[in-house]
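The chain contents come next:
There are 2 protein chains.
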Amino acid sequence: MPSAGSTSANADSPDLWAQLTSKRVLITGGLGFIGSNLARRLAAGGARVTVVDSLVPEYGGNMFNLADLEAEVRVNIADVRDPHSVSHLVRGQDFLFNLAGQTCHLDSMRDPHTDLEINCRAQLSILEACRKFNPTLKIVFSSTRQIYGAPRYLPVDEAHALAPVDVNGVNKLAGENYHLVYHRVHGLRTCVLRLTNTYGPRMRVKDDRQTFLGIWFRRLLEGEPILIFGDGAQIRDFNYVDDVVDALLIAATDERAVGEVFNLGAPDFLSLKELAALLVELRDGQGEYRLVPFPGERRRIDIGSYYADYRRISERLGWQPRVSLREGLARTLDFYSQHQKHYWNDDAADA
Amino acid sequence: MPSAGSTSANADSPDLWAQLTSKRVLITGGLGFIGSNLARRLAAGGARVTVVDSLVPEYGGNMFNLADLEAEVRVNIADVRDPHSVSHLVRGQDFLFNLAGQTCHLDSMRDPHTDLEINCRAQLSILEACRKFNPTLKIVFSSTRQIYGAPRYLPVDEAHALAPVDVNGVNKLAGENYHLVYHRVHGLRTCVLRLTNTYGPRMRVKDDRQTFLGIWFRRLLEGEPILIFGDGAQIRDFNYVDDVVDALLIAATDERAVGEVFNLGAPDFLSLKELAALLVELRDGQGEYRLVPFPGERRRIDIGSYYADYRRISERLGWQPRVSLREGLARTLDFYSQHQKHYWNDDAADA
Numbered sequence: 000m001p002s003a004g005s006t007s008a009n010a011d012s013p014d015l016w017a018q019l020t021s022k023r024v025l026i027t028g029g030l031g032f033i034g035s036n037l038a039r040r041l042a043a044g045g046a047r048v049t050v051v052d053s054l055v056p057e058y059g060g061n062m063f064n065l066a067d068l069e070a071e072v073r074v075n076i077a078d079v080r081d082p083h084s085v086s087h088l089v090r091g092q093d094f095l096f097n098l099a100g101q102t103c104h105l106d107s108m109r110d111p112h113t114d115l116e117i118n119c120r121a122q123l124s125i126l127e128a129c130r131k132f133n134p135t136l137k138i139v140f141s142s143t144r145q146i147y148g149a150p151r152y153l154p155v156d157e158a159h160a161l162a163p164v165d166v167n168g169v170n171k172l173a174g175e176n177y178h179l180v181y182h183r184v185h186g187l188r189t190c191v192l193r194l195t196n197t198y199g200p201r202m203r204v205k206d207d208r209q210t211f212l213g214i215w216f217r218r219l220l221e222g223e224p225i226l227i228f229g230d231g232a233q234i235r236d237f238n239y240v241d242d243v244v245d246a247l248l249i250a251a252t253d254e255r256a257v258g259e260v261f262n263l264g265a266p267d268f269l270s271l272k273e274l275a276a277l278l279v280e281l282r283d284g285q286g287e288y289r290l291v292p293f294p295g296e297r298r299r300i301d302i303g304s305y306y307a308d309y310r311r312i313s314e315r316l317g318w319q320p321r322v323s324l325r326e327g328l329a330r331t332l333d334f335y336s337q338h339q340k341h342y343w344n345d346d347a348a349d350a
Numbered sequence: 000m001p002s003a004g005s006t007s008a009n010a011d012s013p014d015l016w017a018q019l020t021s022k023r024v025l026i027t028g029g030l031g032f033i034g035s036n037l038a039r040r041l042a043a044g045g046a047r048v049t050v051v052d053s054l055v056p057e058y059g060g061n062m063f064n065l066a067d068l069e070a071e072v073r074v075n076i077a078d079v080r081d082p083h084s085v086s087h088l089v090r091g092q093d094f095l096f097n098l099a100g101q102t103c104h105l106d107s108m109r110d111p112h113t114d115l116e117i118n119c120r121a122q123l124s125i126l127e128a129c130r131k132f133n134p135t136l137k138i139v140f141s142s143t144r145q146i147y148g149a150p151r152y153l154p155v156d157e158a159h160a161l162a163p164v165d166v167n168g169v170n171k172l173a174g175e176n177y178h179l180v181y182h183r184v185h186g187l188r189t190c191v192l193r194l195t196n197t198y199g200p201r202m203r204v205k206d207d208r209q210t211f212l213g214i215w216f217r218r219l220l221e222g223e224p225i226l227i228f229g230d231g232a233q234i235r236d237f238n239y240v241d242d243v244v245d246a247l248l249i250a251a252t253d254e255r256a257v258g259e260v261f262n263l264g265a266p267d268f269l270s271l272k273e274l275a276a277l278l279v280e281l282r283d284g285q286g287e288y289r290l291v292p293f294p295g296e297r298r299r300i301d302i303g304s305y306y307a308d309y310r311r312i313s314e315r316l317g318w319q320p321r322v323s324l325r326e327g328l329a330r331t332l333d334f335y336s337q338h339q340k341h342y343w344n345d346d347a348a349d350a
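Order-wise, the sequence lines are chains A and B.
Each residue of the first sequence is one higher than the last, beginning at 0 in numbering that gives the first Met the number 0.
Each residue of the second sequence is one higher than the last, beginning at 0 in numbering that gives the first Met the number 0.
Just chain A, same shape as in the assembly (with noise of 0.2 Å):
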């Protein structure tokens, strides 16, 4: 069972590890980021956890991410483009996370087709594969503030108008209406998150494919100057990666949830000078930012002061965030202090 302490009341109760304890459950993208923390969290809670990752270099797959659970956790490294793959892997599971996907905007607009064969077709392959093999699983879907766009107003609730500002946005989109689609028309259980920036340990810091924080992380602990485009007084909320691992449990386990979107937020928004100037202090002053003009492609496709409405999720599903900004900060950078090798050293990426 999960410790207490990193975890909300919901995401702890009996009734929900009732239901997941020796349990098949499946998760793409789970070398990444958030689908690491998610497989580790749910193999201590007893679930038989087994883990699809294409390691796409590009992407935040990461061996090392469970490489002290070889035991507990099965890895299957594929693509979910590929559907026989995919077709195989979600018979006999009882629940799908399904958060495999191409992250970076920039590369989005660079290179379309290999965002669409990702965040679309893949998507697709998925949900037929469970419509004809598996149709009674519990899936939940990592969808992304993204798909709302330039906010029209703040906080940004869920009937917000879905404007997506760039190619990866569109196609986020997309994967998330073939969820509500499928469930609407074939049953499928399938409950759809929009998540906002997530940080914690494990998350690809090397660069800013999969977070701007990612990279201020890595040149924080290598004295660097973190960058920040434009003014910094762009607004962002923040989820600790502990956090959205128990929205995850919650909308998995919780009837509730089913055909429905949420998002996800914190209490806790500031600026990204703000956020500069906390990374600093927990630093105890070492560290610097920077101000520094947006690159034009950035610029185009910035969606400007955003932080989410997530009244709904806690309302009806009583999800709360627990870790402070602060905390969370804290306990990510000690993470990347003691295993930075493991997240920017190319060469020891997957050792």
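I should point out that these hints are in silico values taken from the structure, not numbers from a laboratory.
Please note that the accuracy of each hint is not assured.
[What the hints assert, rightly or not] Taking beta-carbon pairs under 7 Å as the criterion, some of the chain A residues facing chain B (in silico): (1) 111; (2) 120; (3) 123; (4) 151; (5) 152; (6) 159; (7) 161; (8) 169; (9) 173; (10) 177; (11) 184; (12) 302; (13) 303.
In this text, a Cβ means the ideal position worked out from N, Cα and C, and glycines have one as well.
Knowing the structure of chain A, use the given hints to seat chain B on it.
Chain B alone, transformed into the frame defined by chain A:
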């Protein structure tokens, strides 16, 4: 020049035709229903028209639609899923009317990957080709009311939530979003029209793959009863194809349309039962209709009643439908009475 009687004031204006006459125009899906009607109008107005069509048997392409214009319109048989053909064909064009699509909702649920290839992947290829080889041409994309899903209020305006109920709707929404993203990020001059039910000469009537109304025309002319699913109380609005051609021409030539989304619609919406009764009346009472239970797979993707609020395009661009439903249906029935062998005799389909 097109005849004044069949077009709105705007689509007839010398200013509009000054932009089109002698210009190079590419129409994807140009042997299909709307594409061929558009090609005819453009050719009559002196534009240099190339149509590209795959002639996939299940879709709307039909050689007969342009058979009498062999000298005026260049017909290029190719599939928009082939990025190499597309890259070649967009070069040197002044306008692109991007109408190619998989339109059948049921097919999209039975074979979702094919729908994705045409309505998503090919759209990305077309836009990438424009970005690389012809970034200044004007592009009009034909989207669909299907992306709204089941209306939450009537009439449905462009701000209505987008919640498609089938894979076709999900993919058409992605296709629309790509066009908007490529405008905002890459500066392509795109415009999106969300079409409602369109009818008229040259539509597919051999079955209901393109629209339910097609098979109604066929059955009526064959002396078979029109079959209405459910209680026939569902409301729909209908545009005669000449009015849609007006809208396409206006959208392509009015700079205020760039980057914008517009509903099409009509003032005379009515229930399916009323529509069937009107058709029988137009045939001097020859014919009948029957209410039949919804087949399950159709019921699950039905959207209930729909009619559009089209004030935005009326107020901003001056478009108005000009052909009444009664007049349009009469013209359509006349057309198929004369040409039925080219539309539902499979052997003669492209004679």
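Evaluation of the provided hints:
Nearest Cβ of chain B to the Cβ of residue 111 of chain A: about 5 Å, under the 7 Å cut. The hint holds. This hint holds: residue 120 of chain A has a C-beta 6 Å from the nearest C-beta of chain B, less than the 7 Å allowed. Among the interface hints, the one on residue 123 of chain A holds; its C-beta lies about 5 Å from the nearest C-beta in chain B, closer than the 7 Å criterion. The closest approach between the C-beta of residue 151 of chain A and any C-beta of chain B is roughly 10 Å, which is over the 7 Å cut-off, so the hint fails.
Nearest Cβ of chain B to the Cβ of residue 152 of chain A: about 13 Å, over the 7 Å cut. The hint is violated. Taking 7 Å as the C-beta cut-off, the interface hint given for residue 159 of chain A is violated, the closest approach to chain B being about 10 Å. Annotation: interface hint on residue 161 of chain A holds; nearest CB of chain B at approximately 6 Å, less than 7 Å. Interface restraint check: residue 169 of chain A against chain B, minimum CB-CB distance 4 Å, threshold 7 Å, status holds.
The restraint placing residue 173 of chain A at the interface with chain B holds, with a minimum CB-CB distance near 4 Å, inside the 7 Å limit. For residue 177 of chain A, the interface hint holds, the least distance from its beta-carbon to any beta-carbon of chain B being 6 Å, beneath 7 Å. A least Cβ separation of about 5 Å between residue 184 of chain A and chain B falls short of the 7 Å threshold, and the interface hint therefore holds. For residue 302 of chain A, the interface hint is violated, since its Cβ never comes within 7 Å of a Cβ in chain B; the closest pair sits about 12 Å apart.
Given hint, residue 303 of chain A at the interface with chain B, is violated; its Cβ is 13 Å from that chain's nearest Cβ, farther than 7 Å.
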